[in-house]
Amino acid sequence: MTAPLLDLIDTRLLGFLPDLAKIAVWAVLCSIISMALYRWLSPQKRLAAAKDDANRTRLTLSRYDGPGDGLPPLIRASLLAALRHMGLCLGPALVSSIPVIAIFLWMNAVYGTPARDTLSFGPSWFRAWYVPFSVVMLAASLTIKKVWRIV
Amino acid sequence: MTVFLLAIVSLFGIVPSAMAYVGPGAGLTLVGSFIGLCLTLLVALWAVLSWPIRRLLKRRGRGASGGEKAPEMDHTHDSPSS
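First to last, the protein sequences are chains S and G. When the letters of the first sequence are read in order and numbered with the working numbering, they come out as residues 1 to 151. When the letters of the second sequence are read in order and numbered with the working numbering, they come out as residues 1 to 82.
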């Protein structure tokens, strides 16, 4: 996969760094792009309300102690609230993953060769570039989610 | 909604395999909502299965604490003054 801009950044701007550090930088960049895009695309206020609603109905259902015919409406309301929450974040989450897939494919072409093991210890799967990439991206995304208060 | 469901079913029925990515990044929120849905299903299942037991325990508890008074309260509802 050819990506002149990504190649340029990788060689010119990050060229002085070791592979592991470069992968970490790309992972942080991916998480910033993905989370920013998600925040921009998703209806955050509606999502927050839907999440609260899903939590509240689930709590009501778990504490329900009344007659049996009161259970089905509660279950229905609880499932609908959970599905509504999931439905609201499905589209934006998938769309905001597209740039990450593009960078992921490019990185696999650049760093995915056996000659470019990022770690010098552990089993072969552990030495692959996507292990540190995933760990750093997960940590960065969780931090961004908390700092930007993304729902 | 029906059209949407039909589209989803037919798409999954026709396509032998699909490449997709949900992971660190914005996928976290989707994973979070999916966990919420699974949790709701578990709570619903638990509510249905445990309801007879909880009801029985509640009745027993009520009977042990003030079982004698319950019929009296019912009588007051039947009385002409109420």
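Careful, some of the hints might be misleading.
Some chain S residues near chain G, calculated using beta-carbon distances under 7 Å [said to hold, decoys possible]:
id, residue
1, L17
2, I32
3, S34
4, T60
5, I75
6, S78
7, A82
8, R84
9, H85
10, M86
11, C89
12, T118
13, S120
14, G122
15, M137
16, L138
Covered stretches of chain G, going by a simulated chain S footprint (3 or more residues, C-beta under 8 Å) [unchecked claim]:
id, segment
17, 28 to 35
18, 43 to 53
Everything labelled a hint here was simulated from the structure, so no lab data went into it. Think of the CB as a built atom: it goes at the ideal place given N, C-alpha and C, for glycine as much as any other residue.
Now for the hints, and whether the structure bears them out:
1. This hint is violated: L17 (chain S) has a C-beta 21 Å from the nearest C-beta of chain G, more than the 7 Å allowed.
2. At its closest, the beta carbon of I32 (chain S) sits 9 Å from a beta carbon of chain G; the interface hint therefore is violated under the 7 Å criterion.
3. At its closest, the beta carbon of S34 (chain S) sits 3 Å from a beta carbon of chain G; the interface hint therefore holds under the 7 Å criterion.
4. Hint status for T60 (chain S) relative to chain G: violated, with the closest Cβ pair at about 10 Å, above 7 Å.
5. At about 4 Å, the closest approach between the beta carbon of I75 (chain S) and any beta carbon in chain G falls short of 7 Å, and the interface hint on this residue holds.
6. Hint on S78 (chain S) holds. Least Cβ distance to chain G is approximately 5 Å, under the 7 Å limit.
7. A distance limit of 7 Å between C-beta atoms decides the matter here; for A82 (chain S) the minimum to chain G is near 4 Å, and the interface restraint holds.
8. At about 9 Å, the closest approach between the beta carbon of R84 (chain S) and any beta carbon in chain G exceeds 7 Å, and the interface hint on this residue is violated.
9. Hint status for H85 (chain S) relative to chain G: holds, with the closest Cβ pair at about 5 Å, below 7 Å.
10. The criterion of a C-beta within 7 Å of any C-beta in chain G is met by M86 (chain S), whose closest approach is roughly 4 Å, and the hint holds.
11. Of the supplied interface hints, the one on C89 (chain S) holds, with its beta-carbon coming within about 5 Å of a beta-carbon of chain G, less than 7 Å.
12. A hinted interface residue such as T118 (chain S) counts as satisfied when its beta carbon comes closer than 7 Å to some beta carbon of chain G; here the least separation is about 17 Å, so the hint is violated.
13. About 24 Å separates the beta-carbon of S120 (chain S) from the nearest beta-carbon of chain G, more than 7 Å, and the hint is not met.
14. Interface restraint check: G122 (chain S) against chain G, minimum CB-CB distance 20 Å, threshold 7 Å, status violated.
15. About 4 Å separates the beta-carbon of M137 (chain S) from the nearest beta-carbon of chain G, less than 7 Å, and the hint is met.
16. A least Cβ separation of about 4 Å between L138 (chain S) and chain G falls short of the 7 Å threshold, and the interface hint therefore holds.
17. Requiring three or more residues with a Cβ within less than 8 Å of a Cβ of chain S, the coverage given for the segment 28 to 35 of chain G holds, as 5 such residues are present.
18. Coverage of the segment 43 to 53 of chain G by chain S holds. Counting CB-CB distances below 8 Å, 6 residues qualify, and the rule asks for three or more.
Going through the hint list in order, the structure does not satisfy hints 1, 2, 4, 8, 12, 13, 14.
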